[in-house]
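J.: Build the full structure now, drawing on both the sequences and the hints.
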Amino acid sequence: MATKIDKEACRAAYNLVRDDSSAVIWVTFKYDGPTIVPGEQGAEYQHFIQECTDDVRLFAFVRFTTGDAMSKRSKFALITWIGENVSGLQRAKTGTDKTLVKEVVQNFAKEFVISDRKELEEDFIKSELKKPHPPRQGHPTSPPARQAEEKPREAAPTTLCPHPRPLPASPANPAAPHLMKLMEHLSLIFFFISPLFCSKEKSFGCQGPACHQI
Numbered sequence: 001m002a003t004k005i006d007k008e009a010c011r012a013a014y015n016l017v018r019d020d021s022s023a024v025i026w027v028t029f030k031y032d033g034p035t036i037v038p039g040e041q042g043a044e045y046q047h048f049i050q051e052c053t054d055d056v057r058l059f060a061f062v063r064f065t066t067g068d069a070m071s072k073r074s075k076f077a078l079i080t081w082i083g084e085n086v087s088g089l090q091r092a093k094t095g096t097d098k099t100l101v102k103e104v105v106q107n108f109a110k111e112f113v114i115s116d117r118k119e120l121e122e123d124f125i126k127s128e129l130k131k132p133h134p135p136r137q138g139h140p141t142s143p144p145a146r147q148a149e150e151k152p153r154e155a156a157p158t159t160l161c162p163h164p165r166p167l168p169a170s171p172a173n174p175a176a177p178h179l180m181k182l183m184e185h186l187s188l189i190f191f192f193i194s195p196l197f198c199s200k201e202k203s204f205g206c207q208g209p210a211c212h213q214i
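In my numbering, the protein residues as written are 1 to 214.
Hint data in this document are derived by calculation from the structure and do not stem from the laboratory.
As the structure is a prediction and not an experimental result, all values here were calculated from the model.
Check before you lean on any hint, since a few could be wrong.
Said to hold, decoys possible - Calculated lysine-lysine pairs in the PhoX-like style (CA-CA distance at most 25 angstroms, straight line):
1. 4 - 126
2. 126 - 75
3. 98 - 72
4. 110 - 98
5. 7 - 75
6. 72 - 93
7. 7 - 93
8. 30 - 98
9. 75 - 102
10. 110 - 75
11. 130 - 93
To be verified - Here are the computed distance ranges between Cβ atoms for each label pair:
12. 50 - 11: 20 to 30 angstroms
13. 34 - 69: 41 to 51 angstroms
14. 68 - 46: 14 to 24 angstroms
15. 35 - 119: 37 to 47 angstroms
16. 111 - 47: 18 to 28 angstroms
Quick reminder that beta carbons are idealized off the backbone N, C-alpha and C, glycines included.
T.: So, in structure tokens, the structure goes:
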């Protein structure tokens, strides 16, 4: 059978803990068959710890007072207690049922899932509440989390020139003037040595410009 929650009764208990003028600092939410209902409540935190036995599972909304005498501040915690003797099926179902509790308990600084009584100690909970923590997603008093989506950059298409051309002389290509001078020297050398080859090859009818000067 699906679990449900008595929202009206649980919300009344939740608001009682949130009221700073109220002596009630904790309230539990227990299972009454398939329904989650308000359980015990009290003004002493140690009395809450006594409710957390090895064979029960429960949710609790607790108000803690932090700071010194000059600056006191109330911080709230949502505690899920799962005793060591709770079956595996009930453990798994507790995690799912917690979403129903969060429909009522919407404002708290931090939530805890505890199975070890040492972690229930008041000093331990307060020390955890003092630590900085990121805002919960979906918290009504927190700004929505922004997720930056980084798109992969597309590589620029590369074009291959099948017929490379000589680079023109420009400030961006300082080597071009030197290449032009080298080509001029090579042309002069070819002009002067070509008659030597052509004189030996006249029988083949050499018609090069250098041959006519022999």
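J.: For this structure, which hints from the list above don't hold up?
T.: Those not satisfied are hints 1, 3, 6, 11, 15.
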